[in-house]
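Number of protein chains: 2
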Amino acid sequence: MASRSRVSLALRRARISSIPCSRPIRPLSQFRWQSTASTEDSEGVAKGTTGSSKTIKFTSETYPDIKRDPKFAEITEDHVKFFKKLLGKESAIIDGVTKDATDDIEPFNGDWMRKYRGHTKLVLKPGSTEEVSKVLKYCNDNMLAVVPQGGNSGLVGGSVPVFDEIVVNMSRMNQIRSFDEVSGALVVDAGVILEVADGFLQEKNHIFPLDLGAKGSCHIGGNVATNAGGLRLLRYGSLHGNVLGIEAVLPDGTIMDDLGQLRKNNTGYDLKQLFIGGEGTLGIITGVSIMCPQRSNAINVAFFGLESYEKVQLAFREAKGQLSEILSAFELMDAQSQDLVQKVTGNKRPLESEHPFYCLIETSGSNSEHDNEKLEKFLEDVMEKEIVSDGVVAQGQTQVKELWGWREGIPECLGHWGGVYKYDLSIPINELYALVEETREKIHNSGLLGDTDDHPVVDVVGYGHMGDSNLHLNVAVRTYDKRVEKALEPFVYEWIAKRDGSISAEHGLGLAKKNYIGYSRSDTMIKLMKQIKNLYDPNGIMNPYKYI
Amino acid sequence: MASRSRVSLALRRARISSIPCSRPIRPLSQFRWQSTASTEDSEGVAKGTTGSSKTIKFTSETYPDIKRDPKFAEITEDHVKFFKKLLGKESAIIDGVTKDATDDIEPFNGDWMRKYRGHTKLVLKPGSTEEVSKVLKYCNDNMLAVVPQGGNSGLVGGSVPVFDEIVVNMSRMNQIRSFDEVSGALVVDAGVILEVADGFLQEKNHIFPLDLGAKGSCHIGGNVATNAGGLRLLRYGSLHGNVLGIEAVLPDGTIMDDLGQLRKNNTGYDLKQLFIGGEGTLGIITGVSIMCPQRSNAINVAFFGLESYEKVQLAFREAKGQLSEILSAFELMDAQSQDLVQKVTGNKRPLESEHPFYCLIETSGSNSEHDNEKLEKFLEDVMEKEIVSDGVVAQGQTQVKELWGWREGIPECLGHWGGVYKYDLSIPINELYALVEETREKIHNSGLLGDTDDHPVVDVVGYGHMGDSNLHLNVAVRTYDKRVEKALEPFVYEWIAKRDGSISAEHGLGLAKKNYIGYSRSDTMIKLMKQIKNLYDPNGIMNPYKYI
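Heads up: the protein sequence lines correspond to chains D and F, in order.
With the numbering used here applied, the first sequence covers 272 to 819.
With the numbering used here applied, the second sequence covers 272 to 819.
None of these hints come from the bench; they were simulated from the model.
It is possible that some hints are incorrect.
The list treats identical chains as one, so a pair stands whether inside a single copy or across any two.
Stated by the list, open to error - Here are the simulated BS3-like cross-link-like pairs (lysine-lysine), alpha carbons at most 27 Å apart as the crow flies: (1) LYS801 / LYS408; (2) LYS693 / LYS614; (3) LYS614 / LYS360; (4) LYS713 / LYS769; (5) LYS672 / LYS804; (6) LYS360 / LYS338; (7) LYS352 / LYS801; (8) LYS619 / LYS785; (9) LYS753 / LYS405; (10) LYS648 / LYS475; (11) LYS370 / LYS356; (12) LYS619 / LYS753; (13) LYS342 / LYS405; (14) LYS757 / LYS408; (15) LYS656 / LYS475; (16) LYS405 / LYS801.
Could you put the whole structure together from the sequences, leaning on the hints where they help?
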């Protein structure tokens, strides 16, 4: 059993002087395509890469099997004329049909990961629900395909066109409509940026029940359309529970006015749920009403090292039991991920000793003293039981950010060598890490992993939202390589399917996962989903070539 | 400002010797129709009434405008033969078609409130999902109408037939399938009784995220089908957020295998959500997977008196702010409701003084000392600010139950004089109590309210889940009277519609509210809901004459 003095030593306050990968927040202004572009993912970081948009391959070239559906009309000057008259303002339309507007349009054609690039020549920015309704009705009547677009920060290519689909960008619908300080119900336009809403709520001592790395650019409408998970799910639950109402426009122009602010309303089918995670394939979300909890006064963060995945599971159970209502995050990072972060940043590690696993836990509550006491008691307990080997607790906001940096910095640092194969998976918690070990072994045995440049793979790492059974399996590579891809797929998907896991826990399907849904859903479920798609969008104009 | 000594006085420990309306739990055994029947509602109580089932009017007589749809086949001996062969066991079928089985069948024809009574002659109790599938396929092929039935404890007539629909009772599917102690995912058959599941979870130090008065008899499948709200919603959120997966059988026999145990799964439309609150009109839920939180060690209950509804709102805001993560209930009771409870039970009131409003707050957390400190600090604060006039805190489990009795005993006590008109409403919180005042004034002015037997109305009372903006407006009557009904409707519904409230917060639509959905939903929404109904149940065999 660990001695008391060792416990005390381990519970020393963190003294981290340098700031590891801190969490960058993109400025709120509209993203413009740059020659040194910045990519971002919803797990939390922006990374610098080089090269202009010209170097991104068109999706139509990367996926030659996907053919433009000839049922869709080509955009004509007459169509553009209609939209210009409808939307009125110069700023509401980017017209690459009647003139050359390539540079202005490119940011709307390409995604943040620089993996997907479409051929659209028309971007519409409606300013009201009525305008969205008229746009969609016209597109539906004229068989014009449409891609709804929020902050364009997704990871699966869901928010950019594949061919010449019209982009309907929601950035001009960016008003906070109302907030009820007693009930906590917030009503916003779909184009309100997550960080703007959270900042507004902070002033009212409330919190948006969702947080993710792309908060500086992602739209709430997009968050809802993709059923974003993020960092606060463990505490506040999913959007299926928090969203109170949705206003959406269906392909035929019908405005679905389900924007209630009531916590309880048992009058008929809860249709709005289909739009949460519907990824813009049934219609366009124009407004969202959401329940926002009281903001916690006290935030504590602890970071600790553990000797095995079995101990990680034990620590999670103890944290759930002892920290219960104040536990707001339980994040897992393996040694490999922390080694790479250290290599890239050169920062001093939070713990002096090294361990196969690290966990970050966050508590948030209304009473700082109580929370400190609970957290320290928990840490003492797990140290005494030798579940946890070493740990630190952050003192002050700066150290909180520093410790989070070791978790949130992972995706950024992994990209350092050239590229990353990313999988976002739900796995029964007892087997969660086994996939990382098996994948690493497989890649190692294939001779693809090594320290030198003739090996494409730098390392196979695992991290993620342990509290939600959500693993991010990442393979950091020096270069994208068909041999690596072949070693990974369908291996990873088959592994997941055998365990009834999900091949997309929080990123969605988009274009990237469309073909793999069968690993997580039965034929019956897929058939039932297609029924719904056909019911709402019989012409198939909404976000074609993607999703189911 | 209140003096310190007054605060201390008010914060005395409750010394309640007698037990007011305590919370009766119906035995778990299958309910049998009795000459002295017991009725129960989902708000929390059972009440004794007299008279046999024979005295309940048939729904077809109460609502002569509802006609049996001739498209449905009449049940023949051949049908019965098929079902007997399919289900095999004697106990799986109650056949009133080929023989007289009236007494055995009546419990399945009548509802708990003794308001609705059908004419079915056939009750089926399938024992597996496959059997449910074969039953529904046969019914669909033969145009036989079906009513799915769980614990039959609903309040809107949703779970009993109107005419001769076949009752598919789920009581034989009553197995707990699995529980994952790390993730908290519980998987059960639809027919598992809520209290059985919660008892099972208690042993595992977990809690079912839903609690309601009918827990001793209601089925989890029924809870999910009606999107039950209940007492834990403020803390644990709605079933739309907590249900992880559903297995359901569609009318054509298709088994929808969406019984995942994952907290996150973004692979396609979340179809299971349509079945949460679908009230058995799209199919029959056969299995449920649900996220169950860690059980709290410490439960505290406080009961206090306030001088106005404005102060109730202030108290709620302070409770949300100061008790935050440990607040698990904030219940409102007006003076009228407490007077009636006192009259019926003769119990000693928790507070010595009388007040226009009373609130009950419950906290649940992992640390008893911390919670006590937070609660006492909160009470001191609201007393000093003169938001709260007087208050007590329960000491020990018995006093917790006693204080809850003054809230949970209301529905039972209101029935004492003969009957109750009940409305279950969602209203923006600032106007919530105004409806009670206006209704009371209206009834009073009409000369219907008074202390003597020539007045039908005993009193108009308001109580409910303040934390969820959910008001129960109840009118206690000596006898059901058309004049009272005329004074109440459509007045109440129009009042709700003007404020974008819900005419059914947690009870659902069933038969009782079917005709009033237009007060809470637009024509567009109703049309979209009907599309879904037609998609899943084109023959309309599932729970006809009800819902939308």
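Going through the hints against the structure:
1. LYS801 / LYS408: Result: close both inside a copy and across copies, 22 Å intra and 22 Å inter.
2. LYS693 / LYS614: within (20 Å within a copy, 67 Å between copies)
3. LYS614 / LYS360: neither (50 Å within a copy, 69 Å between copies)
4. LYS713 / LYS769: Answer is within; shortest intra-copy Cα gap is 18 Å, inter-copy 64 Å.
5. LYS672 / LYS804: Neither. Shortest intra-copy (43 Å) and inter-copy (50 Å) distances fail the 27 Å Cα cut-off.
6. LYS360 / LYS338: Neither, since 34 Å and 56 Å both go past 27 Å.
7. LYS352 / LYS801: neither (34 Å within a copy, 37 Å between copies)
8. LYS619 / LYS785: neither (41 Å within a copy, 65 Å between copies)
9. LYS753 / LYS405: neither (45 Å within a copy, 48 Å between copies)
10. LYS648 / LYS475: Answer is between: at 22 Å across copies they meet the 27 Å cutoff, but 32 Å inside does not.
11. LYS370 / LYS356: within (17 Å within a copy, 73 Å between copies)
12. LYS619 / LYS753: Answer is neither: 36 Å inside a copy and 79 Å across each miss the 27 Å cutoff.
13. LYS342 / LYS405: within (21 Å within a copy, 41 Å between copies)
14. LYS757 / LYS408: So LYS757 and LYS408 fail the 27 Å test inside a copy (43 Å) and across (44 Å) alike.
15. LYS656 / LYS475: So LYS656 and LYS475 pass the 27 Å test across copies only (21 Å; inside, 42 Å).
16. LYS405 / LYS801: both (25 Å within a copy, 24 Å between copies)
Consistency with the previously given hints fails for numbers 3, 5, 6, 7, 8, 9, 12 and 14, ordered from lowest to highest.
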